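Here the numbering used here is used: the first residue of the sequence shown is 39, the next is one more, and so on.
Worth flagging that the hints you see were computed from the coordinates, not collected in a lab.
There could be a bad hint or two in this list.
[Stated by the list, open to error] What follows is a set of in silico ranges between Cβ atoms, one per label pair, in the way DEER data are often shown:
1. F81 - T57: 18 to 28 Å
2. L117 - E67: 10 to 20 Å
3. K115 - K43: 36 to 46 Å
4. F81 - D134: 21 to 31 Å
5. S86 - G65: 24 to 34 Å
6. S86 - D66: 16 to 26 Å
7. V61 - T150: 26 to 36 Å
[As the list claims (entries may be wrong)] The calculated lysine-lysine pairs, modelled on DSS-like cross-linking and capped at a C-alpha distance of 27 Å, are:
8. K82 - K71
9. K47 - K71
10. K160 - K43
11. K47 - K160
The model shown is predicted, which means the values in this text are computed figures rather than measured ones.
Quick reminder that beta carbons are idealized off the backbone N, C-alpha and C, glycines included.
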Amino acid sequence: MRNAKINQKGLFVVNYENTIPLVDENGDETGEKKVVYSCSQFFKANISGARGSTNNEVFGTDISYDKTISISVAQFKELGITENSVFFVDKSPEYDDDEPMYDYVVSKIAETINEVVIALSKVRK
């Protein structure tokens, strides 16, 4: 029942691809790198409300997170989510100079036989 379709909400994930070195106007590398992300992918998942205190912590007591996403293992693998992925949960995808202006990052991923729970932390800008 936890992952029933009626309980799912739409959100977007953007996966880390690689980094590329930045160059100046002369074509010389500056020493800085730019992170390259994939295109945003829409999917539906069960998203917890804001984190509260409970007796049963999925990730233990040493991890700080604001929300969790529960999805099937098949959907997790299809989306290619890693700990470097970023999410648009409470807003639509926005970009600033091709940089995603995401609102959540992955804190931890817990994978079981049938389900994956992803702990998300709110980006405070």
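Query raised in the report: Is it true that L117 and E67 lie within 10 to 20 Å of each other by Cβ?
Result: 33 Å, violated
**Report entry** G65 and S86 - C-beta distance against the hinted 24 to 34 Å
**Finding:** 48 Å, violated
Report task. Could you say whether the range 26 to 36 Å given as a hint is met by the Cβ separation of V61 and T150? Result -> 45 Å, violated
**Report entry** Distance restraint between K47 and K71, which requires alpha-carbon spacing of 27 Å or less
**Finding:** 34 Å, violated
Query raised in the report: Does the hinted range 18 to 28 Å hold for F81 and T57 at CB?
Result: 25 Å, holds
Query raised in the report: Hey, K82 versus K71, does the alpha-carbon distance stay inside 27 Å?
Result: 32 Å, violated
Report task. Note whether the CB distance of K115 and K43 lies within 36 to 46 Å or breaks it. Result -> 20 Å, violated
Report task. May I ask you to test the hint 16 to 26 Å on the CB atoms belonging to S86 and D66? Result -> 47 Å, violated
Query raised in the report: Would the pair K47 and K160 pass a check requiring their Cα atoms to be no farther apart than 27 Å?
Result: Answer holds: K47 to K160 is near 17 Å, not above 27 Å.
**Report entry** F81 paired with D134, Cβ distance criterion 21 to 31 Å
**Finding:** Given a distance of about 23 Å, which is inside 21 to 31 Å, the answer is holds.
Query raised in the report: Within 27 Å, alpha carbon to alpha carbon, are K160 and K43?
Result: 25 Å, holds
Of the numbered hints given earlier, the model fails hints 2, 3, 5, 6, 7, 8 and 9; all others are met.
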